[in-house]
Structures are given as C-alpha cells and as structure tokens.
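Engineer: Its first residue numbered 305, the sequence shown is counted upward by one per residue in the numbering used here.
Simulated from the structure, these hints should not be mistaken for lab results.
Accuracy of the hints is not assured; some may be wrong.
Here are the simulated distance ranges between beta carbons [said to hold, decoys possible]: (1) F377 - G505: 23 to 33 Å; (2) P314 - K376: 53 to 63 Å; (3) N499 - F377: 38 to 48 Å; (4) D503 - H387: 50 to 60 Å; (5) I333 - H487: 20 to 30 Å; (6) Q412 - K356: 32 to 42 Å; (7) R444 - A489: 20 to 30 Å.
Keeping only pairs whose Cα atoms sit at most 20 Å apart, straight-line, the calculated SDA-like set for lysine to any residue is [said to hold, decoys possible]: (8) K356 - V443; (9) K379 - M368; (10) K376 - A462; (11) K379 - P314; (12) K480 - T465; (13) K376 - V443; (14) K376 - E513; (15) K480 - R523.
Glycine included, every Cβ here is placed at the ideal spot set by N, Cα and C.
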Amino acid sequence: MIGRGTRLCPGLYGYDDNGKPLDKQKFRIFDHWGNFEYHELHTEEAEVTATKSLAQKRFEAWVMLGAAAQRKFDKQAVDLVAHQLREQINALDEKSIAVQEKWQQKAQYSDEKVLRQLSPKTQQDLLSILAPLMQWLDVRGQSDAIRFDMDILAAQTARYTNPEELDVLWPAIVEKVERLPPHLAQVQQQGQRINQLRDLGWWKQASLEELEDIRIHLRGIMHLMEKTRRRIWFDTGGYYRRCEPDPDGDPQNQHPFD
Numbered sequence: 305m306i307g308r309g310t311r312l313c314p315g316l317y318g319y320d321d322n323g324k325p326l327d328k329q330k331f332r333i334f335d336h337w338g339n340f341e342y343h344e345l346h347t348e349e350a351e352v353t354a355t356k357s358l359a360q361k362r363f364e365a366w367v368m369l370g371a372a373a374q375r376k377f378d379k380q381a382v383d384l385v386a387h388q389l390r391e392q393i394n395a396l397d398e399k400s401i402a403v404q405e406k407w408q409q410k411a412q413y414s415d416e417k418v419l420r421q422l423s424p425k426t427q428q429d430l431l432s433i434l435a436p437l438m439q440w441l442d443v444r445g446q447s448d449a450i451r452f453d454m455d456i457l458a459a460q461t462a463r464y465t466n467p468e469e470l471d472v473l474w475p476a477i478v479e480k481v482e483r484l485p486p487h488l489a490q491v492q493q494q495g496q497r498i499n500q501l502r503d504l505g506w507w508k509q510a511s512l513e514e515l516e517d518i519r520i521h522l523r524g525i526m527h528l529m530e531k532t533r534r535r536i537w538f539d540t541g542g543y544y545r546r547c548e549p550d551p552d553g554d555p556q557n558q559h560p561f562d
C-alpha cells in the first residue's frame, strides 16, 4: 500500500549545524503486485546499488596492497597479504547459503600458495567472488578496528603507488589516535607506537613492516576512541591544515582542508 511509512517525519535524521531538521527526502517503492502497470502509471526507476560492508572494503584493500607490492617485486609483502587474505577467507561462516554456493572458490583460495602467486585471474576472483562474501564475516564490535585497518592499508599501498599521498593520510590517522583516552592502561601500553604515529617524519619513512606493527597493536584499542570529534590543526611545513575525517571511515576521503 503506497502511503504507509511514507509520511513526513520531521527531523528523522536529526538536525544540521544550523539547527535545520533533516527530513527524509526519498522513498523506495517495491511494486510486487504490478500496481503501476495495472493503473498504467509510470515512474522513474531508481538504480539500486549494493552497499559494500566494511569487511568487504577491507578485503579489497588487502588485494590492492598485494597487487601494488607485486608490481614492485616485494615478495615479503605479497606473502603477508596472502596470509591475511587466507585468514579472512577461512573465517567465513560456512553455514551461510551464499558462502556454501561458492564453496569451490573458497576451497581454492584457502590455499596460501595460490594466493602468493596473486595472478590476474586470482585477483579478479578475489574481488568479484570472495570479496562480496565478506558481508557474512562476523565482525560485530569491530567497526573501529576495521576502519583503522583500512587507514593503515591505504598508507601501505601509497608507499608503492604514490608516496606523496602519505601526507594526506597522516592527519586523519593522528586525529584518531588523539581521541584515545591517555589515562586508560590499554592506551598507555601503546604510548610508544602512538608517539611514532604523531611524528610525520617517522610516518613518511616507515616501512611496510613498521606500519603493520602499528596496525596489529593499535586496532584492538580503537573502540576506546572518544566519540566527540575534535578539530586538530597540523603544522605540515610552514602552514596549518585542519583535518576532518570522513564520517564513513573511508581513508580515501579523509582529506585535510587548507
């Protein structure tokens, strides 16, 4: 029935910075019984695109890192990527029907030797077949950790593809670690690594292994971040830049503003 659930609810999505209510603007109609056809009505069909889960985005980021490392003939990095991909593939819920339907590909790419080769066919299958299955990975309570994974993965990939991008990625990552409460024991234990991240010089020279060490040890405390955002100004060489992180946690969108 068209009408039910489509009435205006003022402030449904909260309020903007000016106090103006954010109302619902679009409504999706599922015409299961062909009412539009019966009444000869015509409506513009909206293009439906599937939303990728954080786990899928992270899986794809690992594949991209592996491909970038392979082009630079960094075998050690490719081996690291292969191990991480295998761990995530093996963690898929085999009770899921979607996973069961792809059991052959899951079994094939659970072989770390195959993943280490990272052939073009393997990369294509990982992105088109295995990556969408990551929505069935149980990552409850890990959203902050996964977003931090993606931050570090973006930096590790930039080392191979565009080192200048490290300057862009750094402020958003520092903004996150600055939101970690320094009085907590879990945070204090990682003080040395946090101080390393605060140092732009260290960040630009850090190896893949050093960044991986940061990722492994800090991802588990990212859920402790204070939720209130603070604007942080960074001195990046003669001028200051303000960092505002992307609300969806996508490191590619976390650009500072001059």
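Engineer: Now look at each hint and say whether the structure bears it out.
Structural biologist: Consistency of the hints with the structure:
In this structure the hint that F377 and G505 lie 23 to 33 Å apart at CB holds, the actual value being about 27 Å. Between P314 and K376 the beta carbon distance is about 54 Å. The supplied range of 53 to 63 Å therefore holds. N499 and F377 have their C-beta atoms about 33 Å apart, which leaves the hinted 38 to 48 Å range violated. For the pair D503 and H387, the beta carbons lie near 28 Å from each other, so the given range of 50 to 60 Å is not met.
Take I333 and H487: their Cβ atoms lie about 52 Å apart, and the range 20 to 30 Å is violated. Separated by about 23 Å at the C-beta atoms, Q412 and K356 break the suggested range of 32 to 42 Å. For R444 and A489, the Cβ-Cβ distance of about 24 Å falls inside the hinted range of 20 to 30 Å, so the restraint holds. Proximity of K356 to V443 is assessed by CA-CA distance (about 14 Å); at most 20 Å being required, the pair is judged to hold.
Distance restraint check for K379 and M368: the Cα-Cα separation of roughly 15 Å lies within the 20 Å cut-off, and the hinted pair is therefore satisfied. This hinted pair checks out: K376 and A462 have alpha carbons roughly 12 Å apart, not beyond 20 Å. Among the hinted pairs, K379 with P314 is inconsistent with the structure: their alpha-carbon atoms are about 56 Å apart, more than 20 Å. A hinted pair counts as satisfied when its Cα atoms are at most 20 Å apart, and K480 with T465 does not qualify at roughly 24 Å.
With a C-alpha separation of about 32 Å, the suggested pairing of K376 with V443 is violated against the 20 Å cut-off. Under the criterion of a C-alpha separation no larger than 20 Å, the hint pairing K376 with E513 is consistent with the structure, at around 16 Å. With a C-alpha separation of about 11 Å, the suggested pairing of K480 with R523 holds against the 20 Å cut-off.
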